[in-house]
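If you're matching them up, the sequences are chains L and X in order.
Taken in order, the first sequence gives residues 117 to 752; the numbers are from the numbering used here.
Taken in order, the second sequence gives residues 117 to 752; the numbers are from the numbering used here.
Think of the hints as simulated: they come from the structure by calculation, not from any bench.
It cannot be assumed that every hint is accurate.
Identical copies go unnamed one by one, so any copy, or any two together, can satisfy a pair.
[Claimed, not checked] Here are the simulated lysine-lysine pairs, DSBU-like style, with alpha carbons at most 35 angstroms apart:
| id | residue 1 | residue 2 |
| --- | --- | --- |
| 1 | 690 | 144 |
| 2 | 129 | 562 |
| 3 | 389 | 144 |
| 4 | 587 | 139 |
| 5 | 129 | 423 |
| 6 | 144 | 339 |
| 7 | 235 | 587 |
Number of protein chains: 2
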Amino acid sequence: MAFSYLNNVSLEKARDEYIDKLKAEGLKPKSELINVSAACGRITAVPVYAKLCSPHYHACAMDGIAIMAHLSFGAGETTPVTLGVDDYTIVDTGDPLPDGCDAVIMIEDVIKNDDGSVKLYSPAAPWQHIRQIGEDICAGEMILPALKEITPAAIGSMIAGGCLEIEVISKPVIGIIPTGDEVVTPTASPKPGDILEFNSSIFSAMVEEWGGKAKVYPIVPDKPELLRQTLSDAIDSCDAVLLNAGSSAGRDDYSVKIISELAEVLYHGIAIKPGKPAILGYCGAKPVLGVPGYPVSGIIVIEQLLKPILDLMCGKVNDSDAYVTATLSRAIVSGLKYKEFVRVRMGSVDGKLIASPLNRGAGVVSSFMKADGIIEVAQGCEGILAGESVNVRLLRPKSELVNSIVIIGSHDPLLDELGNLLHLKNNNLFVSSSHVGSMGGIMALKRGEAHLGGCHLLNEADGSYNTAYIKRYLPDGGVRLVECVGRTQGIMVKSGNPLGISCFEDLFKGGLRYVNRQKGSGTRVLLDYLCKTNGFDPNMLYGYEREEFTHTAVAAQIAADSADAGFGIYSAAKMYGLDFIPVCVEQYDLIIPDYAWDNPMVQELISVLQSPEFKQRLNELGGYTVNAPGTVRERF
Amino acid sequence: MAFSYLNNVSLEKARDEYIDKLKAEGLKPKSELINVSAACGRITAVPVYAKLCSPHYHACAMDGIAIMAHLSFGAGETTPVTLGVDDYTIVDTGDPLPDGCDAVIMIEDVIKNDDGSVKLYSPAAPWQHIRQIGEDICAGEMILPALKEITPAAIGSMIAGGCLEIEVISKPVIGIIPTGDEVVTPTASPKPGDILEFNSSIFSAMVEEWGGKAKVYPIVPDKPELLRQTLSDAIDSCDAVLLNAGSSAGRDDYSVKIISELAEVLYHGIAIKPGKPAILGYCGAKPVLGVPGYPVSGIIVIEQLLKPILDLMCGKVNDSDAYVTATLSRAIVSGLKYKEFVRVRMGSVDGKLIASPLNRGAGVVSSFMKADGIIEVAQGCEGILAGESVNVRLLRPKSELVNSIVIIGSHDPLLDELGNLLHLKNNNLFVSSSHVGSMGGIMALKRGEAHLGGCHLLNEADGSYNTAYIKRYLPDGGVRLVECVGRTQGIMVKSGNPLGISCFEDLFKGGLRYVNRQKGSGTRVLLDYLCKTNGFDPNMLYGYEREEFTHTAVAAQIAADSADAGFGIYSAAKMYGLDFIPVCVEQYDLIIPDYAWDNPMVQELISVLQSPEFKQRLNELGGYTVNAPGTVRERF
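Could you put together the complete structure from these sequences and hints?
Below you can see the structure in the form of structure tokens.
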């Protein structure tokens, strides 16, 4: 259990030194000769000069007749000129100009006589209706300079200029080596402890998006001699190598040792989070990167350290990232020691761009999929308060953010279904939903940070739903309560109900492992209410403190036998094949503030709520009582 | 010579009706099952639901020991708790949580005793340092909705969620049929009349950029039975077909006839320029487009009529095109009958975006390559005046335009070389040059529309260059005259000098075919000056009215034997292997206005002017006298 020392150098310093080192070792773009018709999107290595003129001959530009222009001089409305059969040639567009001719007359302007001669009523200017040699491109001209991206029209120009093969920048080959005894090829039925190897799929896709070619090696177990052999092969046959996982200072950590045997290690450990245990190695001008195993860490390391090097190898201009200013909807607390990359969902509410931080776990790859942008919290910064202005690097076009309905509140799978149906109906619209519980949603609406929120809060006084909370927490009104669904809440237990739970009281039989929802969620309020009315102390429940954020997450714990029971909705139980003991039907509604109500996107969402497709999907999910979704129940 | 009737329906009406018709016939995206790791950039056909939780087991999130949390309760700085060897298990990050454990303690917080027991100085919270089942993704959750573009992170999420194959929108197969007796496969040495078939390369690249798959057929000669057979095969095996060329109403025009035999023709003829003779056909839900033969016309037709249909087939959101407002630098005259698409070069000068129209010939494919944007001149609009504000659809990122040095003035191939060297030195900088002659350049500088202009204007009074013109046309000064090169002007004649021309006077020997430069060009001024001082009437020159815009274009005419002589510079003659009779050395300089002088881009260009690389390239081109390029000769 020995720990190797990790650096804590700043990202900027490490990156600059790394790139300088690689350049000093001779890192630069390579080039190759390719067929020009396959060159779209590639980048020229050297200027391309035309070898042919285009047109390469004088071409008739009209259907008509070709003549010597001076024969037509003097022709007029009242003084037509007649040309005999030997004085003109019939031509089509694209025909070479016949010898001895220097003008083309459109067929519409030619009157043909019976004897084959033609009459002209106006003179032709020399070289009229002729595409002269080189009109488009002259031989010897530079068609494209070096380091220029090739467009479809440029392909046409190069072929027209007689350049059928051209020298372009080669796509750098990036070797990707997944490692680890516990890492397995993706399968639909992994064993506990098997880690599905999907990092190489993510990294390859990133590399290819950036213009490289990915070469993925088979998974290498944690055996030093095998790792050494594979890394050595990859360094030989690739332009850069990513050695994935094993780069933290743990028990099975061979990465830094093996990289340092075959390459120089500039830094091990960078002051970024996630991504700290990165290894920056190089073998001559070839980068050899040790990439952390957690997918989010790996993505950040590759984006921050490989991308700029790949751009250099590709001869690409650094894309200038798009940044926007947004309002942070929840506080971010950050460590002073690192520069932190926080993924956020975004949306535009009432003219204000809102950024909501996503799950920050380095293993949570879905956070990267859901992210609309990234906030970089500087090293030395303790965090950012809710409501503050933040600078966000966009991961999606701003137009998409502006077309996203921001839903913040209680979780229900029907929100995903709603978003899907909305996007199918209108491809320009998106849903961006954050699950923070019913109360969290009300607070977001109060701050003007969401278009709507899902809510199912029980008023313990009278058993009614939602209205009492709106009156208490949104006393100034300005919102509508829109009917959504009734949904059956109950106790989820393992299939076959091995503990024989038949009612709420049975949860307290003893020995039962409960899994709870987070504070502020309607389901937690319901549990507390039932405890109170039935005279139970919730702290008697083993697992009361164990919080999950969604119904499906609770169901997943029970299905995996890490808990025996939890409260949730029928559709989640059904999804996991769990038994379900119904306890009550609660009202799940949407709260829509006035500032969002007239927004056409919100109105379109309401029309989806009212659609038969949505009702059908609810029936398939099960456990919902559907009356008149989309109708306003009350205005406040 | 019969003409078939062409419609003149507006683009918008034709496009809407065409899309409605195709939709009514059942046009919609198709889908296919593919391996998820090959899915980057593809679009989901249906929502993707997770089949597995991720993690799919409780995973230790730290290297350390796993315990039952309650065994550590009560531990404190002064009250350590000791756990025997049976009470803990050593674990690594990623290991499954051992049975009977519900917390992980970091190895740093564990003190190991000699007997194998461990001492803890603080309690563990249940479920600490454990990635619980479903922390990232819960089985049953919607990972992606339908019609969503797949990102690298989404690939990782889907694999983590057990989705190894997914249903995505198929790439529509677009059949491209080049036709025409005169059309030949590209070659480096075509015969006169051979039209190089590069349209299919342009169209394929466009189709593939837009997410389709191009299927290019071999060139079909103008034989009705062959055309019919190929078109019929293509309709059977593709999702849409482009029949290229033959769509105007000329002699060899079989397209509309054959399309109407195999499909319905909605319109033949659209009120756009270029692109008028397009044919809008459909066979069931399959579009069958007759695309005009001129490349620029074809590009416009495909972009305006195929792209929106392809987007529908691909399930893609219509990209919202980027538009900017710019100042038009030269007037555009347009026909009332058509909507015209005018390609422009753009640049930002002194904070103002400038758009300069490019060559508008439908055959000039290089105009599309050079274009930074497109101005759509509405049907019914006669044109737009210079200096007016125009709305430009951008073809390049605005950031590139802002980083372009706008050069307007006299042509010399050294400007292309300069641009190439500048871009190699600083990949973020571009040159956007328009060749309008020396006087045109001075006028553009006067209007504040260029960063600099090339100029070689002879003062007939004293034989000096440039200064007199600056004083006359830029009387307010505010410019610097920057030395560039001396260049040898002379008479270019065919190799071997068959007409035996040895001096200026010989041009007037009679029977000689001259090719001139355009009015306002320095070379034309030089010719006129020589005529005057030598007592010749320039109108005696046969071909005096025949204007070309560049030195290379003049050389190309002579090389092609469509002229016997023309004035130009040595490097152009050398490029075409012409003989060259030197007449004089003229001073080619750059005029740089004060408003551009301090621009860092311009300063970087000047440092390239002064570089040894530039001098070396001038030597290779030949005919230049190089003294001290980049030094200021005079300030006005």
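To see whether the hints hold, each was checked on the structure:
Taking the shortest Cα distances, residue 690 and residue 144 sit within 35 angstroms of each other only across copies (33 angstroms), while inside one copy they are farther apart (57 angstroms). Taking identical chains as interchangeable, the C-alpha atoms of residue 129 and residue 562 are never at most 35 angstroms apart, the minima being 43 angstroms within one chain and 47 angstroms between chains. Proximity of residue 389 to residue 144 under the C-alpha cut-off of 35 angstroms is restricted to the intra-copy arrangement: shortest distance 30 angstroms within a copy versus 45 angstroms between copies. For a Cα distance limit of 35 angstroms, the shortest separation of residue 587 from residue 139 qualifies neither inside one copy, at 65 angstroms, nor across copies, at 49 angstroms.
In this homomeric assembly, residue 129 and residue 423 come within 35 angstroms of each other (Cα to Cα) only inside a single copy, at 16 angstroms, whereas the closest approach across copies is 46 angstroms. Taking the closest pair of Cα atoms, residue 144 and residue 339 come within 35 angstroms of each other only inside a single copy of the chain (34 angstroms); across copies the shortest separation is 52 angstroms, beyond that limit. Proximity of residue 235 to residue 587 under the C-alpha cut-off of 35 angstroms is found in neither arrangement, the shortest distances being 92 angstroms within a copy and 53 angstroms between copies.
Comparing the model with each earlier hint shows violations of hints 2, 4 and 7; every other hint is respected.
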